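Here's the letter readout for the chains.
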Amino acid sequence: MIQRWLPFPRMFACMLAMWLLLNQSLAPAHVLFGLLLAVYGSRLLVRLDMPNGAVRRPWAALRLSMLVLIDIIRSNIAVARIILRIGGRHKTAGFLEIPLTMRNPNGLATLACIITATPGTLWVDYDSSRGVLLMHVLDLIDEEQWIRIIKGRYERLLLEIFE
Amino acid sequence: MTPLADLPLWAALVVAALVLLGAGLCLIGSVGLIRLTTFYQRVHAPTLGTTLGAGSILLASMLCFSLLESRPVLHEILIAAFVTVTTPVTLMLLVRAALYRDRIGEGSGEAPPPRSSSERKR
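Chains X and V supply the protein sequences, listed in that same order.
Residues in the first sequence are numbered consecutively from 188, following the working numbering.
Residues in the second sequence are numbered consecutively from 49, following the working numbering.
Since the hints were made in silico from the structure, they are not lab data.
Errors might be hidden in some of the hints.
Said to hold, decoys possible - Here are some, though not all, of the chain X residues that point toward chain V, as calculated from beta-carbon distances under 10 Å:
#1 GLN211
#2 ALA247
#3 ILE336
#4 ILE337
Said to hold, decoys possible - Taking beta-carbon pairs under 7 Å as the criterion, some of the chain V residues facing chain X (in silico):
#5 VAL91
#6 HIS92
#7 MET110
From a predicted model like this one, the values you see are computed outputs, not experimental measurements.
Even for Gly, the Cβ is constructed at its ideal location relative to N, Cα and C.
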């Protein structure tokens, strides 16, 4: 019964939270309308035929978001320095291939968002037959270091969360 | 008298610093669009504005209006969430289009490394 009415309980909770946040209120009228909207909205997702993904370890997810936040701040500074040409050293930008172990579509989508949202790195292409990610890096000092960052820092945690 | 005059001095300083930081990062990102030379490099520049740039301006807005209305004003979180989720989609679309043009030989930018398996598929 619950499955039929609420096929995506987490999405339902997110939509309700979004509605209440938008209206900045916990008044019964807003809660009621938010509930209606969230039930209908999350049921629409059934038609999209989304890959089902259970987020397993909320603790790992929290650690990943903190890590990404710190990295985004750090790479903001790094990219700003490159653009303003502070620091002297000549930067070479280039493409980089990274073999991934992760196959989960939700995990890959999350990794794509992380890499693209972080200044200085860019998700270009993913070859699903070989499982190889092609990315572009603004400051390609040494390939090994980037592979370590993507595989060691992000992919390991994403594997814990999604697989 | 503006409503902002009700803001305590420390908060005004913090809000001003955050807004300046955010605006500065957006400016640097825009300058990057001119300074960086190839398409793939230029795509990196606007992410400054959409991550820390937007983030610090939203933080300033939350702080300022929470203090002025003496209740937590949190709907800026939604802006941050949607910007974080949607910007990569736009950027990836642009990059994929550029990559496609490069691979069929119409692009003027740097050619990405040729890859044997995707070559075979085509």
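Hint by hint, where does the structure go against what was stated? Just the numbers, ascending. 2, 3, 4 and 7
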